[in-house]
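Colleague: Once you have looked at the hints, place chain R on chain Z.
Each protein sequence line maps, in turn, to chains Z and R.
Reminder that position 196 of the first sequence reads as 196 in the working numbering, one-by-one numbering, no gaps.
Reminder that position 185 of the second sequence reads as 185 in the working numbering, one-by-one numbering, no gaps.
Read the hints as simulated data drawn from the structure, not as lab findings.
Check before you lean on any hint, since a few could be wrong.
Which stretches of chain R does chain Z cover? Using the computed rule of at least three CB atoms under 8 Å from a CB of chain Z, they are [stated by the list, open to error]:
1) 100-111
2) 205-211
Restricting the straight-line Cα-Cα distance to at most 20 Å, the calculated cross-link-like pairs of lysine to any residue (SDA-like) are [stated by the list, open to error]:
3) 110(Z) / 200(R)
4) 204(R) / 197(Z)
5) 4(R) / 105(Z)
6) 204(R) / 74(Z)
7) 110(Z) / 6(R)
8) 153(R) / 163(R)
9) 47(Z) / 202(R)
10) 204(R) / 63(Z)
11) 110(Z) / 204(R)
12) 204(R) / 58(Z)
13) 110(Z) / 202(R)
14) 204(R) / 75(Z)
15) 47(Z) / 209(R)
We treat Cβ as the ideally placed atom computed from N, Cα and C, and that holds for glycine.
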Amino acid sequence: MIALEHVTKTYPKASRPSLNDVSVAIEKGEFVFFIGPSGSGKSTMIKLLLREIQPTKGKIVVNNREVGNMRSWRIPNFRRSIGCVFQDFRLLPNRTAYENVAFALEVIGKTQAVARRVVPEVLELVGLGGKEHRYPNELSGGEQQRVAVARAFVNRPLILLADEPTGNLDPDTSIEIMRLLDRINRTGTTVVMVTHDSNIVNQMRRRVVEIEGGKIVRDQPRGVYG
Amino acid sequence: MRLKYVLSEVAVGLWRNVTMTIAMMITMAVSLTLLGASVLLYLQVNHMREVYYEQVEVTVFLKAQENTTQERTAIEADLTADPLVQSFDFEDRNEAYERFKIIFENAPELVAQTKPESLPESFRIKLKDPNSFSAFNEKYRGKPGIETIIDQKELVEKVFTVLGSVQTLALIIAVVQGVAALLLVINTIQVAAYSKRREVAVMKLVGASNWFIQAPFVLEAVAAGVIGAFLAYIVLVLAKIYVFDGALEPLAAVMTPIPWSNVHLMLPLLAAAGALISSVVGWFGLRFYIRV
Numbered sequence: 001m002i003a004l005e006h007v008t009k010t011y012p013k014a015s016r017p018s019l020n021d022v023s024v025a026i027e028k029g030e031f032v033f034f035i036g037p038s039g040s041g042k043s044t045m046i047k048l049l050l051r052e053i054q055p056t057k058g059k060i061v062v063n064n065r066e067v068g069n070m071r072s073w074r075i076p077n078f079r080r081s082i083g084c085v086f087q088d089f090r091l092l093p094n095r096t097a098y099e100n101v102a103f104a105l106e107v108i109g110k111t112q113a114v115a116r117r118v119v120p121e122v123l124e125l126v127g128l129g130g131k132e133h134r135y136p137n138e139l140s141g142g143e144q145q146r147v148a149v150a151r152a153f154v155n156r157p158l159i160l161l162a163d164e165p166t167g168n169l170d171p172d173t174s175i176e177i178m179r180l181l182d183r184i185n186r187t188g189t190t191v192v193m194v195t196h197d198s199n200i201v202n203q204m205r206r207r208v209v210e211i212e213g214g215k216i217v218r219d220q221p222r223g224v225y226g
Numbered sequence: 001m002r003l004k005y006v007l008s009e010v011a012v013g014l015w016r017n018v019t020m021t022i023a024m025m026i027t028m029a030v031s032l033t034l035l036g037a038s039v040l041l042y043l044q045v046n047h048m049r050e051v052y053y054e055q056v057e058v059t060v061f062l063k064a065q066e067n068t069t070q071e072r073t074a075i076e077a078d079l080t081a082d083p084l085v086q087s088f089d090f091e092d093r094n095e096a097y098e099r100f101k102i103i104f105e106n107a108p109e110l111v112a113q114t115k116p117e118s119l120p121e122s123f124r125i126k127l128k129d130p131n132s133f134s135a136f137n138e139k140y141r142g143k144p145g146i147e148t149i150i151d152q153k154e155l156v157e158k159v160f161t162v163l164g165s166v167q168t169l170a171l172i173i174a175v176v177q178g179v180a181a182l183l184l185v186i187n188t189i190q191v192a193a194y195s196k197r198r199e200v201a202v203m204k205l206v207g208a209s210n211w212f213i214q215a216p217f218v219l220e221a222v223a224a225g226v227i228g229a230f231l232a233y234i235v236l237v238l239a240k241i242y243v244f245d246g247a248l249e250p251l252a253a254v255m256t257p258i259p260w261s262n263v264h265l266m267l268p269l270l271a272a273a274g275a276l277i278s279s280v281v282g283w284f285g286l287r288f289y290i291r292v
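Bound conformation, chain Z alone (with noise of 0.2 Å):
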């Protein structure tokens, strides 16, 4: 599904590697955590899986696709089939629940016709039956990452990336994301999550990758934060 074959990513005037010679492989359904320190290196590794940056060396295959030297024109294609979480949800502030969702069928060439069907349901299964047309502004932080999910999830991706998803949420609302991620992660959708969150990764009790200034440290299938 995820395959990384010795990449290394070096920013421009940076003195070292962000990663350095890294290889793992990610089986569909699987769900991961990446954790360790910041600036270890682990937003590298989304930012790559998303192409939002290219490895300086390697491969990287998502989804069959050749990543690395993929043409600009086939990136947008290529994220459909990718849904994204982050620590900051990044949602839209003028705009609904509802429509936060539905802007994202939108902009891809959904109808209405198909977001009116599909968005309430995805909005039902992320929990937020009833507040379709709250603004973010009137959602607490879970309810908005709820959103994020749901948006992130509504066209049914195959990889489920989350940066940190929890990272500003108490622990409470933060289980409450994982449960929502780990139905998700049932449903046959391969899940990527990051984040340097010891409790959630203790009690998930799944593969675990550590990353330490830009090589992975260990791997370990059921694993805690170490």
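Modeller: Chain R only, in chain Z's frame:
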């Protein structure tokens, strides 16, 4: 749906940034007006050139005092036989005097002092090819009885040189204004993109195609360009009515009138120019701004 989305985004975008939009339209209008004026002038000069070349003559002035009938007949015979010459007329002193009176009708004392005898006789020659003057001049210069040979084309050329520099000036101003318009287009479009950076970020994230992200911004610029072109067209129409057919009416004999068809031709031409420039500049301006 997608079309409706794009169009409403364009309308909202133009309105949100209304001062910038107006500045962009005005600059565009000024630039396109000058471009249009320059193109009209170019068409006009070409047309005038045809008209004038039809009419230009070479004048062979005979020596005023001592030319003899013999010399005159010899020249006449040469001209008749000359393959360069299409036709010619002889102007005697009285005809020359009549013409003189018309040319200097505003200076009656000059006319009063001048006698027909002091004016030269001349041959008015129409060449087959107005450009063959130098060959003609070569042949006849210095022949007995000939004082000077004058090519009207040279005089006409001077007028065209002046018109040509006016045209160049208009083009230069059009280009300078055009550059200002382009910078305004780039700036406006980037301000618009910045004010919608959240939407753009989400669109990129969920995989909206590049054209879908960029189209509203580019169309904003195109709309401004087309409106600017329309304003420019109106200015040209007004210029035709009030300046060329109004204030400059007395010059109609010299300047052939600008046909309406040419003025109307400017509307699609300027609209196309405005739209093309805005869209190309808008697209590339965004490419560097909205990186995928």
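Colleague: Checking each numbered hint in turn, tell me which of them this model violates, lowest number first.
Modeller: Hints 1, 4, 12 contradicted; others consistent.
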